[in-house]
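FYI, our numbering numbers position 27 of the sequence shown as 27, with every residue one higher than the one before it.
Check the hints yourself; a few may be wrong.
Computed cross-link-like contacts, DSSO-like style, restricted to lysine-lysine with a CA-CA straight-line distance of at most 30 Å [said to hold, decoys possible]: (1) K88 / K106; (2) K95 / K106; (3) K103 / K86; (4) K74 / K106; (5) K94 / K106; (6) K102 / K86.
Derived by calculation from the structure, the hints in this document are not laboratory data.
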Amino acid sequence: MSDHEQQNFNNDLNNQGAGESATPGIISPPVENKAGASTTTSGGANSGDEDNKGALDQPKEEKVEDNKERINIKVTDGHGGEIWFKVKRSTPMKKIIETFCKKQGKDENSLRFFFDGNRVNAAHTAEELDMEDNDVIEAHHAQLGGSRV
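Construct the complete structure from the given sequences, taking the supplied hints into account.
As C-alpha coordinates, this is what we get:
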(Lines of atoms letter the chains of each structure in order from A and count residues from 1; the text may use other names and numbers.)
(Lines give C-alpha, C1' and ligand atoms only; values in the text may rest on other atoms or scores of the structure.)
Protein backbone atom coordinates (compact mmCIF):
# COMPACT_ATOMS: atom_id res chain seq x y z
CA MET A 1 0.00 0.00 0.00
CA SER A 2 1.47 3.37 -0.95
CA ASP A 3 1.99 6.12 1.63
CA HIS A 4 -0.85 8.13 0.09
CA GLU A 5 -3.26 5.17 0.25
CA GLN A 6 -2.17 4.42 3.83
CA GLN A 7 -2.75 8.04 4.85
CA ASN A 8 -6.24 8.00 3.27
CA PHE A 9 -7.00 4.69 4.99
CA ASN A 10 -5.90 6.08 8.37
CA ASN A 11 -7.89 9.28 7.79
CA ASP A 12 -10.99 7.23 6.98
CA LEU A 13 -10.56 5.29 10.23
CA ASN A 14 -10.12 8.49 12.25
CA ASN A 15 -13.20 10.09 10.68
CA GLN A 16 -15.62 7.26 11.50
CA GLY A 17 -17.17 9.25 14.32
CA ALA A 18 -16.90 9.66 18.04
CA GLY A 19 -19.19 6.73 18.88
CA GLU A 20 -17.90 3.23 19.27
CA SER A 21 -18.28 1.29 16.03
CA ALA A 22 -19.46 -2.28 15.66
CA THR A 23 -15.90 -3.47 14.95
CA PRO A 24 -12.63 -2.09 16.25
CA GLY A 25 -10.52 -0.08 13.85
CA ILE A 26 -7.88 -2.12 12.06
CA ILE A 27 -4.73 -0.09 11.70
CA SER A 28 -1.23 -0.42 10.34
CA PRO A 29 1.65 -0.93 12.77
CA PRO A 30 2.37 2.24 14.75
CA VAL A 31 5.05 4.54 13.39
CA GLU A 32 6.70 7.30 15.36
CA ASN A 33 5.35 10.72 14.46
CA LYS A 34 7.59 13.10 12.58
CA ALA A 35 7.63 16.77 13.52
CA GLY A 36 4.96 18.67 11.60
CA ALA A 37 3.32 15.50 10.26
CA SER A 38 -0.18 16.40 11.37
CA THR A 39 -2.10 18.96 9.41
CA THR A 40 -5.20 20.92 10.28
CA THR A 41 -7.54 22.43 7.74
CA SER A 42 -9.64 25.49 8.38
CA GLY A 43 -13.10 25.99 6.95
CA GLY A 44 -12.87 29.70 6.15
CA ALA A 45 -10.64 32.25 4.48
CA ASN A 46 -8.94 34.98 6.49
CA SER A 47 -12.09 36.26 8.17
CA GLY A 48 -12.23 35.58 11.89
CA ASP A 49 -8.93 33.66 12.09
CA GLU A 50 -8.61 34.32 15.81
CA ASP A 51 -12.13 33.02 16.45
CA ASN A 52 -11.45 29.91 14.35
CA LYS A 53 -8.15 29.37 16.12
CA GLY A 54 -9.88 29.26 19.49
CA ALA A 55 -12.54 26.92 18.14
CA LEU A 56 -9.92 24.59 16.65
CA ASP A 57 -8.03 24.34 19.95
CA GLN A 58 -11.05 22.88 21.74
CA PRO A 59 -11.54 19.80 19.50
CA LYS A 60 -7.79 19.14 19.49
CA GLU A 61 -7.80 18.85 23.29
CA GLU A 62 -10.74 16.45 23.17
CA LYS A 63 -8.99 14.36 20.50
CA VAL A 64 -5.81 14.16 22.57
CA GLU A 65 -7.87 13.10 25.59
CA ASP A 66 -9.73 10.53 23.46
CA ASN A 67 -6.41 9.13 22.17
CA LYS A 68 -5.34 8.44 25.76
CA GLU A 69 -8.33 6.12 26.03
CA ARG A 70 -7.41 4.28 22.81
CA ILE A 71 -4.57 1.80 22.49
CA ASN A 72 -2.98 -0.17 19.67
CA ILE A 73 -3.15 -3.94 20.07
CA LYS A 74 -1.52 -6.51 17.81
CA VAL A 75 -3.11 -9.95 17.43
CA THR A 76 -0.80 -12.57 15.96
CA ASP A 77 -1.35 -16.22 15.11
CA GLY A 78 2.30 -17.36 15.10
CA HIS A 79 2.23 -18.17 11.38
CA GLY A 80 2.96 -14.66 10.17
CA GLY A 81 -0.65 -13.52 10.37
CA GLU A 82 -0.96 -10.39 12.43
CA ILE A 83 -3.51 -7.60 12.58
CA TRP A 84 -3.24 -4.31 14.45
CA PHE A 85 -6.31 -2.89 16.17
CA LYS A 86 -6.88 0.55 17.62
CA VAL A 87 -9.50 0.19 20.34
CA LYS A 88 -10.85 1.95 23.38
CA ARG A 89 -9.69 0.52 26.68
CA SER A 90 -13.33 -0.29 27.44
CA THR A 91 -13.93 -2.33 24.24
CA PRO A 92 -14.76 -5.99 24.94
CA MET A 93 -12.22 -8.47 23.57
CA LYS A 94 -15.13 -10.19 21.81
CA LYS A 95 -15.01 -7.53 19.08
CA ILE A 96 -11.29 -8.03 18.54
CA ILE A 97 -11.61 -11.83 18.54
CA GLU A 98 -14.53 -11.79 16.07
CA THR A 99 -12.79 -9.36 13.72
CA PHE A 100 -9.48 -11.25 13.81
CA CYS A 101 -11.18 -14.58 13.06
CA LYS A 102 -13.21 -13.05 10.25
CA LYS A 103 -10.15 -11.46 8.64
CA GLN A 104 -8.13 -14.67 8.99
CA GLY A 105 -11.02 -16.85 7.77
CA LYS A 106 -11.02 -19.01 10.90
CA ASP A 107 -13.73 -20.19 13.25
CA GLU A 108 -13.74 -18.48 16.65
CA ASN A 109 -14.04 -21.84 18.39
CA SER A 110 -10.86 -23.12 16.71
CA LEU A 111 -8.61 -20.49 18.32
CA ARG A 112 -7.64 -19.60 21.88
CA PHE A 113 -6.36 -16.12 22.67
CA PHE A 114 -3.70 -15.37 25.28
CA PHE A 115 -2.24 -12.19 26.74
CA ASP A 116 0.81 -12.43 29.02
CA GLY A 117 0.27 -16.20 29.29
CA ASN A 118 -3.32 -15.88 30.49
CA ARG A 119 -6.41 -16.86 28.50
CA VAL A 120 -8.38 -13.90 27.12
CA ASN A 121 -12.11 -14.16 27.75
CA ALA A 122 -14.45 -12.51 25.24
CA ALA A 123 -15.96 -10.42 28.05
CA HIS A 124 -12.59 -8.99 29.15
CA THR A 125 -11.63 -5.44 28.25
CA ALA A 126 -8.15 -4.02 27.66
CA GLU A 127 -8.53 -2.09 30.90
CA GLU A 128 -9.33 -5.25 32.90
CA LEU A 129 -6.29 -6.98 31.40
CA ASP A 130 -4.04 -3.98 32.19
CA MET A 131 -3.10 -3.71 28.53
CA GLU A 132 -0.90 -0.90 27.32
CA ASP A 133 -0.24 0.58 23.90
CA ASN A 134 1.39 -1.90 21.44
CA ASP A 135 0.67 -5.01 23.54
CA VAL A 136 0.36 -8.37 21.76
CA ILE A 137 -2.41 -10.96 21.99
CA GLU A 138 -1.43 -14.42 20.78
CA ALA A 139 -3.90 -16.66 18.93
CA HIS A 140 -3.26 -20.41 19.23
CA HIS A 141 -5.09 -23.35 17.68
CA ALA A 142 -7.37 -25.07 20.15
CA GLN A 143 -6.23 -28.54 21.13
CA LEU A 144 -8.85 -31.05 22.11
CA GLY A 145 -8.29 -34.33 23.84
CA GLY A 146 -6.06 -35.62 26.56
CA SER A 147 -4.41 -38.74 27.76
CA ARG A 148 -5.89 -42.21 27.62
CA VAL A 149 -6.44 -44.11 30.80
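Taken at face value, is the distance from the CA of K106 to the CA of K88 at most 30 Å?
24 Å, holds
Does K102 pair with K86 here, judged by a C-alpha cut-off of 30 Å?
17 Å, holds
Regarding the pair K74 and K106, is the alpha-carbon distance no greater than 30 Å?
17 Å, holds
Given the hinted pair K95 and K106, is their alpha-carbon gap at most 30 Å?
Between K95 and K106 the Cα gap is close to 15 Å, so the pair holds against 30 Å.
Is it true that the CA of K94 sits at most 30 Å from the CA of K106?
15 Å, holds
When you check the alpha-carbon spacing of K103 and K86, does it fall within 30 Å?
Holds: K103 and K86 sit about 15 Å apart, inside 30 Å.
In terms of the numbered hints stated before, the structure departs from none.
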